[in-house]
Amino acid sequence: MRSSTANEVRVALNVKVTIGVLTGQLATSKSVKARCKCNKGPFRFLPAPYDSLLPLIPSGPFSQRSLVATGRHCTDNAQTMGSSILITDIPQELLQKIALYATLGSLLGPPKELYNLLLTCRLFRDALSFQNASELYAFVFAQKFDARAPSLRLGAATVREQAPLEMRRRFEFIRIFRQRKIHHPDLTQALWTAYTMVEDSDTSQKNMKQLLRAGMVDFLDLYLRERLYEGATESNDGWPVLNEQNSLAIALSWTLSSQSSVNREDRTTSDSMRDLLRPIVFAAFRYSIFPMTEDAFGFGGTFEPAQVPTVMKTAAAMSVASPISESSQIEFSSSIATTAQNQKPFPLSVLAPCEVAYFGDITLKARLPPAALFASLLYFTRMESITPFSVPPHISCATRAEAQACGYNGVCLEDYEHFYRNCRTKFADFPALDVGVQSAAMAKEEGPIFQPVPYQLGVLSGRWQGSQLMPFVQEYKSWTESPSLPKKFDAECRSPLYLTIEEHYCDDIRAAVPHDDPTNGMKNAWLPHNLQATVRDGRMEFSDVEGTFHTTYKTYTRGSASAGGRDPQRQVVDVIITGKYARWGGGTVILGRVRMQDGLMVLVKSLPDNPDEGAMRTLLRGYVTSSQNLVGRVKGSWTSSESYYEGVFSLGKDHNTSRPYH
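So for the sequence shown, this note's numbering puts the first residue at 286; every next one is plus one.
Don't take each hint at face value.
[What the hints assert, rightly or not] Taking lysine-lysine and the DSS-like style, the derived pairs with C-alpha atoms no more than 27 angstroms apart in a straight line are:
1. K650 / K762
2. K650 / K808
3. K808 / K938
4. K491 / K650
5. K762 / K773
[Unchecked claim] Label-pair restraints from in silico Cβ distances:
6. R706 / D646: 43 to 53 angstroms
7. D829 / T443: 51 to 61 angstroms
8. D522 / L450: 39 to 49 angstroms
9. G516 / S767: 14 to 24 angstroms
Derived from the structure by calculation, the hints contain no laboratory data. The beta-carbon is built from N, C-alpha and C at its ideal position, and this holds for glycine as well.
Construct the entire structure; sequences and hints are all you get.
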């Protein structure tokens, strides 16, 4: 049946005008005449590879049945008139279908076949104008770009109406990227459109393919090298300014990059890019990775990205429908307000949401990406790619088993090999999946788009491996004391970091562990002082030394009834983290908490014999990206006088659980 239908379509569309459409010569060829011969030469308009697309033609004027009927009508007219038909006799529906099928031959780039037809004559221009062929443009847009996310946000009818304008906008901005116009007056909107395409990317990756085809990675590399420090000397004491353009360029550079694009850089090119990004990565006292004030914590409510200065919404305005009590929502809002009032001029948090053209002429408020977080990922990938494999000469044991047999608990050759080969920052399996479509929440999205996604239970559980980069203490101190960007900003030390994390959750707000005194911020991971954790019957019991509370949390286990069988009506209100760091020379205790509103993880890593404040206590704060990188900032509080001492870490999920490490 399908073969018969396809043959009828090919016969119906055996019009010489389509030859010019597919070759791109119709608009300029002097041989185009008003009279077209149907019987001059066989022409397979719909090649065999596209036969499978016939069932995908939507209902209405572009339905398969309508297409065949129209083709038969055209063939009948040709037979009635003899051996020829006039272009003016071709039904408007058939012209639109010719244009539609012609565009299927080139899924990437603008629909040049449609453009050529529009330039042919007034008849074609009128028949194929978006006023008369709105469904044609909507279908072509869906062939060129990912349309699911805009449809979920705006509705299918709105997307069909706005598709012609949006398709024109996107290809105009893509031309800016192709032509490397880094000073174009519309560059800010072009970058916003590119970031929107990245955020709205679907599994087909049409958006990403269009951007990559335009050479977006090279464009962003040129922009960062030429304009990242533009205006820094005049307005920011030499420090790069994270405005809209710079923030979007850094985020896009990560989401569109790949391991192959990084590997193509030579050592000089890689080093120069790390030099550009280093102040943003390491100057935690100036650049925040958090979309809101990092100290704020509560069991419910929503938030706006923190700003300086900040005008806070009232608690009533912050409230949302939730099984969490109203008092806890107000408590969280008050926590944000209190912290924001005490916030210093630096570090600056992410800029306030911006009004941007989202789709066609529809504008929405959108949140800028945290540039410092993406800059850290870009920095780590380049640093890891140029690090040579070398083993110190004093390493004598080849394997961990050999080291244990000798009573040696230090590093062996096997450790070095594993660190070099496996402890690397990962790119997403497909470009842009770090910020890909969140379809489950998109239809219900309120307020600014591209807000942080609430934490999903189970994301942190498992083994993590990677490294941390810590600046030298004295160098870091000099950076904080200098109002202007230091001439030398390259003192850092890399060390391995291995974590094994367990999650313990609570879905009853009344049983949640109280949070720490707000004046302490996050320095104890928002957990009460002297918190005690005890494993009992596969669950975790939490209490404090004073005996003011005692509660039990369920332990998350992937695929278990305790996790997958939860009542879907009961929302997880709190997640506490326990774990260990044990590999190279001893173990440490890990205790932390997750901020459910945006997924911020805070871990306190300390020695088991000295869990309180003091020596050898480290604070890690970060987020898990969709590419399964746990990235953030690490603060070493070796002594209370060096609380300003901060570095950066990047970890990847270790799925090889058979290895006896951690």
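Tested hints:
1. Between the alpha carbons of K650 and K762 the distance comes to roughly 38 angstroms, so the proposed pair goes past 27 angstroms and is violated.
2. Annotation: proposed proximity of K650 to K808 is violated, straight-line Cα distance about 33 angstroms (limit 27 angstroms).
3. Taking the CA atoms of K808 and K938, the gap is near 25 angstroms; set against the 27 angstroms cutoff, the hint holds.
4. Restraint check for K491 and K650: the C-alpha separation of about 24 angstroms stays at or below 27 angstroms, so the hint holds.
5. Taken as a hint, the K762 and K773 pair is honoured in the structure, with Cα atoms around 13 angstroms apart against an allowance of 27 angstroms.
6. For R706 and D646, the hinted distance range of 43 to 53 angstroms is satisfied, since their beta carbons lie about 51 angstroms from each other.
7. For the hinted restraint 51 to 61 angstroms between D829 and T443, the CB-CB distance of approximately 54 angstroms keeps it satisfied.
8. Distance hint for D522 and L450: a CB-CB separation of about 43 angstroms, consistent with the stated range 39 to 49 angstroms.
9. Checked against the given bound of 14 to 24 angstroms, the beta carbons of G516 and S767, roughly 19 angstroms apart, stay inside it.
Of the hints listed earlier, those the structure fails to meet are numbers 1, 2, in rising order.
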